[in-house]
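As given, the protein sequences belong to chains Z and L, one line each in that order.
Just so we're aligned: the first sequence equals residues 1 to 219 in our numbering.
Just so we're aligned: the second sequence equals residues 1 to 197 in our numbering.
Rather than coming from a laboratory, the hints here were simulated on the basis of the structure.
These numbers come from a predicted model, not from an experiment.
Heads up, some of the hints might be wrong.
[As the list claims (entries may be wrong)] For the chain Z half of the interface with chain L, some residues (derived, Cβ under 8 Å), not all of them: (1) Phe23; (2) Ala32; (3) Glu51; (4) Pro53; (5) Leu54; (6) Tyr176; (7) Leu212.
[To be verified] Restricting the straight-line Cα-Cα distance to at most 25 Å, the calculated cross-link-like pairs of lysine to any residue (SDA-like) are: (8) Lys181/Z x Tyr174/L; (9) Lys23/L x Asp14/Z; (10) Lys127/L x Val203/Z; (11) Lys184/L x Thr141/Z; (12) Lys133/L x Gly206/Z; (13) Lys201/Z x Glu88/L; (14) Lys67/Z x Leu24/L; (15) Lys9/Z x Lys23/L; (16) Lys87/L x Ala172/Z; (17) Lys201/Z x Asp116/L; (18) Lys113/L x Ala208/Z; (19) Lys180/Z x Glu152/L; (20) Lys67/Z x Val177/L; (21) Lys87/L x Tyr111/L; (22) Lys181/Z x Pro181/L; (23) Lys126/L x Glu152/L; (24) Lys190/Z x Gly68/Z; (25) Lys141/L x Lys201/Z; (26) Lys190/Z x Val173/L; (27) Lys193/Z x Val171/L; (28) Lys87/L x Ile166/Z; (29) Lys180/Z x Ile97/L; (30) Lys190/Z x Lys172/L.
Even glycine gets a Cβ: it sits at the ideal position worked out from N, Cα and C.
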Amino acid sequence: MPKLKMPRKSTHVDMTAMCDVAFLLLTFFMLATKFKPDEPVTVTTPNSISEIPLPDADIMMITVDPKGRIFFSVDNPKVREDLINDMDEYKKLGLTDAEKRAFAVGASVGVPFSQLKSYLAADPTQQKEFDKTATGIPTDTTVESEKNELAAWIRTARNANPKLRITIKADADAGYPDIKKIISTLEGWKIFKFNLITGLKAVPPGTAAYDLQNPGMKK
Amino acid sequence: MAEMDTSSSGGHKKGPGVKKGKKLSTRIDLTPMVDLGFLLITFFMYTTTMSKPKTMEINMPYKDENIKEEEQSKVKSSTVITVLLSKEHRIYYYEGIGDDPTKPPQLNVTYFKQKDGIRDVIINKKKAVEELKAQGALAAKDQATIIIKPDEASTYEDLVNMLDEMSINDVKVYAIVDITPVDKEFIAATEQANNAQ
Chain Z
1 MPKLKMPRKS THVDMTAMCD VAFLLLTFFM LATKFKPDEP VTVTTPNSIS EIPLPDADIM
61 MITVDPKGRI FFSVDNPKVR EDLINDMDEY KKLGLTDAEK RAFAVGASVG VPFSQLKSYL
121 AADPTQQKEF DKTATGIPTD TTVESEKNEL AAWIRTARNA NPKLRITIKA DADAGYPDIK
181 KIISTLEGWK IFKFNLITGL KAVPPGTAAY DLQNPGMKK
Chain L
1 MAEMDTSSSG GHKKGPGVKK GKKLSTRIDL TPMVDLGFLL ITFFMYTTTM SKPKTMEINM
61 PYKDENIKEE EQSKVKSSTV ITVLLSKEHR IYYYEGIGDD PTKPPQLNVT YFKQKDGIRD
121 VIINKKKAVE ELKAQGALAA KDQATIIIKP DEASTYEDLV NMLDEMSIND VKVYAIVDIT
181 PVDKEFIAAT EQANNAQ
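Using the sequences and the hints, build the whole thing.
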């Protein structure tokens with residue numbers, strides 16, 4: 001019997017192709033990534049069947065945490081800058097330029113006007129620490145009320161950018177009275193159209209909405 | 001054989017002191033680079049927010065002090081179900097708008113659930129209104145109407161779920177209204193009656 005000679009193969013694999021794939025994916029993720037915005041509180045939104053995506057720009061977001069604390073934010077740094085300048089004038093907060101800049105680059109605020117100056121003067125880590133115990137923006141059922149600071153925020157923000165879309169992102173466990181106050185405040189400024197941020201849930205089969213979505217499936 | 005000899009002696013052309021330069025492979029081991037690539041991919045995958053949050057659009061009724069009483073739209077009591085959202089995700093509902101003090105409405109209790117929940121109540125009401133329309137008891141433009149009255153103990157989730165039921169069941173006319181003291185009494189009375197049982 002002749003001896004079968006097996007050719008010795010190298011165990012080395014050419015990594016070039018794999019490297020190409022890895023970097024292709026990396027490029028994709030880098031371009032597709034939009035970093036999660038810094039949020040002062042974790043909010044679990046309730047789910048709905050609505051599929052309207054949140055618009056990309058011009059958003060004013062009112063966040064409500066489970067305890068009913070209200071945080072306010074606007075997405076565009078340019079608008080934030082105008083907003084804090086107007087607010088400084090309107091409420092005579094006496095903010096320095098550095099504090100205004102801190103607001104323009106920062107995230108949500110959830111402090112009353114009386115604490116805003118010291119809040120903005122603090123560095124970001126201290127601000128985060130403070131957010132845990134912050135009282136939220138005081139609000140009330142009428143816009144005329146002096147205590148309704150949310151109304152002042154909304155009005156000033158809309159002056160800075162009238163196109164702002166108003167969204168409410170509230171926790172599922174937030175009490176209705178807190179939401180009611182926000183809705184009344186919006187109504188006070190004659191804003192009757194706004195968006196509620198929700199998670200997505202499937203449309204239950206056998207209902208009117210399901211039939212609308214799947215017109216062919218009707219029995 | 002002789003050829004081999006010459007080739008081997010060729011290496012000593014430069015003289016005995018000069019070493020032959022070892023031919024280096026141009027291949028580089030890419031494994032660490034791949035590792036790095038995948039590490040970064042993992043990082044970006046974790047930090048990315050791929051799914052954008054969804055929103056629910058809501059239009060509140062236009063409220064103006066200048067609107068006169070007669071300009072306001074009135075709903076027919078027979079098309080209406082009033083839904084009271086209460087604590088522990090409980091739902092009380094009754095037919096009509098409950099404005100007749102002599103005839104207190106019959107309150108029923110239900111929950112948000114797949115079967116026999118508030119959804120069936122809404123579907124049945126829609127059917128009933130369609131039937132009344134067919135009989136001519138209601139005008140063609142009348143529609144099933146839901147009045148949502150959340151009380152102080154209800155949560156935001158209840159409200160969103162209820163609004164969601166409106167879109168699930170394709171209810172065109174609905175309104176979120178402040179709860180009245182009368183409605184609170186209804187709830188209290190029903191709770192008491194249920195505890196007594």
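Hint-by-hint comparison with the structure:
| no. | hint | in the structure |
| --- | --- | --- |
| 1 | Phe23 | 5 Å, holds |
| 2 | Ala32 | 6 Å, holds |
| 3 | Glu51 | 6 Å, holds |
| 4 | Pro53 | 5 Å, holds |
| 5 | Leu54 | 5 Å, holds |
| 6 | Tyr176 | 4 Å, holds |
| 7 | Leu212 | 7 Å, holds |
| 8 | Lys181/Z x Tyr174/L | 20 Å, holds |
| 9 | Lys23/L x Asp14/Z | 20 Å, holds |
| 10 | Lys127/L x Val203/Z | 21 Å, holds |
| 11 | Lys184/L x Thr141/Z | 20 Å, holds |
| 12 | Lys133/L x Gly206/Z | 23 Å, holds |
| 13 | Lys201/Z x Glu88/L | 22 Å, holds |
| 14 | Lys67/Z x Leu24/L | 68 Å, violated |
| 15 | Lys9/Z x Lys23/L | 21 Å, holds |
| 16 | Lys87/L x Ala172/Z | 14 Å, holds |
| 17 | Lys201/Z x Asp116/L | 20 Å, holds |
| 18 | Lys113/L x Ala208/Z | 16 Å, holds |
| 19 | Lys180/Z x Glu152/L | 9 Å, holds |
| 20 | Lys67/Z x Val177/L | 23 Å, holds |
| 21 | Lys87/L x Tyr111/L | 11 Å, holds |
| 22 | Lys181/Z x Pro181/L | 18 Å, holds |
| 23 | Lys126/L x Glu152/L | 28 Å, violated |
| 24 | Lys190/Z x Gly68/Z | 23 Å, holds |
| 25 | Lys141/L x Lys201/Z | 32 Å, violated |
| 26 | Lys190/Z x Val173/L | 21 Å, holds |
| 27 | Lys193/Z x Val171/L | 18 Å, holds |
| 28 | Lys87/L x Ile166/Z | 28 Å, violated |
| 29 | Lys180/Z x Ile97/L | 21 Å, holds |
| 30 | Lys190/Z x Lys172/L | 23 Å, holds |
Consistency with the previously given hints fails for numbers 14, 23, 25 and 28, ordered from lowest to highest.
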